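Enquirer: Sequence:
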Amino acid sequence: GLSINDVVLVKDENLPPLKWPLARVQELISGSDGVSRVAVLQTATGVIRRAVRKLCLLPKQDDVESPCLPTGGECLVK
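So the sequence shown is numbered by full-length UniProt numbering: it starts at 1 and just counts up by one.
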């Protein structure tokens, strides 16, 4: 799920996905059932609030299996 400091794409029905802005989660606001419903986000242009269902979570560096390119290049990360 979503947590503080996660990096997300903010969905916008008026823009193609490659134009969706990046944001960092600053705060999560839960509903009466305890489930996060709204996120406070820091974007390049300011702070916004969006419904969690309008966000696309990007993978963290820890979630990526290898930082090396699969093209046979030398891995510089040790």
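Don't read these hints as lab results, they were simulated from the structure. Treat each hint with caution, since some may be false.
Said to hold, decoys possible - Below, a list of computed lysine-lysine pairs in the DSS-like style, where the Cα atoms sit at most 27 Å apart: (1) Lys-11 / Lys-54; (2) Lys-11 / Lys-60; (3) Lys-19 / Lys-60.
In this text, all values refer to a predicted model and were calculated from it rather than measured experimentally.
Enquirer: Does each hint hold? Answer for all of them.
Expert: So, going through the hints one by one against the coordinates:
no. : hint            : verdict
1   : Lys-11 / Lys-54 : holds, 5 Å
2   : Lys-11 / Lys-60 : holds, 19 Å
3   : Lys-19 / Lys-60 : holds, 20 Å
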